[in-house]
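Participant: Taking the hints as your guide, dock the two standalone chains into a single complex.
If you want the building blocks of each chain, they are given just below.
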Amino acid sequence: DVKVTQSSRYLVKRTGEKVFLECVQDMDHENMFWYRQDPGLGLRLIYFSYDVKMKEKGDIPEGYSVSREKKERFSLILESASTNQTSMYLCASRRQIGAYEQYFGPGTRLTVT
Amino acid sequence: DAKTTQPNSMESNEEEPVHLPCNHSTISGTDYIHWYRQLPSQGPEYVIHGLTSNVNNRMASLAIAEDRKSSTLILHRATLRDAAVYYCIPLEYGNKLVFGAGTILRVKS
Numbered sequence: 001d002v003k004v005t006q007s008s009r010y011l012v013k014r015t016g017e018k019v020f021l022e023c024v025q026d027m028d029h030e031n032m033f034w035y036r037q038d039p040g041l042g043l044r045l046i047y048f049s050y051d052v053k054m055k056e057k058g059d060i061p062e063g064y065s066v067s068r069e070k071k072e073r074f075s076l077i078l079e080s081a082s083t084n085q086t087s088m089y090l091c092a093s094r095r096q097i098g099a100y101e102q103y104f105g106p107g108t109r110l111t112v113t
Numbered sequence: 001d002a003k004t005t006q007p008n009s010m011e012s013n014e015e016e017p018v019h020l021p022c023n024h025s026t027i028s029g030t031d032y033i034h035w036y037r038q039l040p041s042q043g044p045e046y047v048i049h050g051l052t053s054n055v056n057n058r059m060a061s062l063a064i065a066e067d068r069k070s071s072t073l074i075l076h077r078a079t080l081r082d083a084a085v086y087y088c089i090p091l092e093y094g095n096k097l098v099f100g101a102g103t104i105l106r107v108k109s
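Chains as they are written, first to last, in our numbering: chain A, 1 to 113; chain S, 1 to 109.
If you're looking for bench data, these hints aren't it; they were derived computationally from the structure. Treat the hints with care, as some may be off.
Below are the DSS-like pairs computed for lysine-lysine, each with C-alpha atoms no more than 27 Å apart in a straight line [said to hold, decoys possible]:
1) A:K57 - A:K71
2) A:K71 - A:K3
3) S:K3 - A:K55
4) A:K18 - A:K71
5) A:K57 - S:K3
6) A:K55 - A:K70
Here chain A is said to cover these stretches of chain S; the calculated rule only asks that three of the stretch's residues, wherever they fall, bring their Cβ under 8 Å from a Cβ of chain A [what the hints assert, rightly or not]:
7) 45–54
8) 96–103
Values in this document were obtained by computation on a predicted structure and should not be read as measured data. Cβ atoms here follow ideal geometry from the backbone N, Cα and C, with glycine treated the same way.
Looking at chain S on its own, in the form it has when it is part of the complex (with noise of 0.2 Å):
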């Protein structure tokens, strides 16, 4: 499994964007790269995954570096429901999520 490296914690101002990042420098060349967020109290979901171009939806958007070696995670306009964890995870093929610590989104209104 490839190893990531993230804030610990990042502080944001409502309305502001966030960018949340992720360094995966031993990601082979067929990981995905997964984001999960855990709000309080809840199960982990879904936010975004992407290869190698960027990819945008409607919870959030995802840098890829063109070596691959790091992301970022992109919320264009926190707000106080996006206070979490946030999970960055390369993904194999078929393989099994693994979680890491995370970063604490900590959003100040």
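With the rest of the complex left out, here is chain A (with noise of 0.2 Å):
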């Protein structure tokens, strides 16, 4: 079974500060992506990655950047945590572009305070 884990389940940072979000994915999927849920959002794409040092912007990329060193690792970044972005942080993997499922972890809590 494919296996996307991510670092944390819960997560509480000041304002301010630098988070990092890190997923890693055991299948060697070629493509990663972070999502945010908010309640009545659903669920928005931040960035993505088809291959290792490839990102491109999702739909709401201000304010986060990434990083994908490794195949299996990618990183979502919080330069300066503010509130708003207090939400649910999802990662995902797929095994390339195509007509391929996605295989999400089980989230990051994030709350800002």
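Facilitator: And the structure:
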């Protein structure tokens, strides 16, 4: 079974802190994604990566950056956390570009105070 | 991206079949139709996808209209564990998943 793991289930940070959310997949997938999910707004794509060292902006990249130095790991970085970044963050991976299923991690509930 | 229309919510009895509809009238000829579901407090999980022909897997069946403007996800015998939000997503080849509001499925025992 494909496994996508995220570094924390729950995280509490202060405004202005730099925050790292880590995601690891164990199936040698080329593509990886970061979403955030908010009540009433659904799941929205922040960034995605088609391969190592490649990244593309999703629909809401402002305030975020990403890093993909190794195939299995995709990090989401909040350079200076703000309260409006309080959300559920979901990571996903997919074998490659095409009609393949995406596998999601369990999510990280981030609260910025 | 093709637009989709799904009912906000549906209710089913346990052990009965459930038909979840989706309209995607602006779908292009090469868009696959994907279905995902999200159980409470979990990330979304893949259910099924298809292009033109009906598809079956261990989780569900997908019936696609001949004109491809609509599709129906069929759960043959709903269980309490099937209570979730179900998302219908037309996906251009190689493109990224765009989630709508989905259908909240409630299953009564």
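Participant: Give a verdict on every hint.
Facilitator: Hint-by-hint comparison with the structure:
At most 27 Å may separate the alpha-carbon atoms for a hinted pair to count; K57 (chain A) and K71 (chain A) meet this at roughly 18 Å. Distance check on the hinted pair: K71 (chain A) and K3 (chain A) sit about 14 Å apart at the alpha-carbon level, within 27 Å; holds. A C-alpha spacing of about 26 Å is found between K3 (chain S) and K55 (chain A), which places the hinted pair at or below 27 Å, so the restraint holds. For a cut-off of 27 Å, the pair hint linking K18 (chain A) to K71 (chain A) stands: about 23 Å separates their Cα positions.
With a C-alpha separation of about 21 Å, the suggested pairing of K57 (chain A) with K3 (chain S) holds against the 27 Å cut-off. Taking the CA atoms of K55 (chain A) and K70 (chain A), the gap is near 13 Å; set against the 27 Å cutoff, the hint holds. Against chain A, the stretch 45–54 of chain S contributes 4 residues with a C-beta closer than 8 Å to a partner C-beta. That satisfies the three-residue criterion, and the hint holds. A stretch counts as covered by a chain when three or more of its residues have a beta carbon under 8 Å from one of that chain; for the stretch 96–103 of chain S and chain A the count is 7, and the coverage holds.
Every hint, counting from the list given before, is met by this structure.
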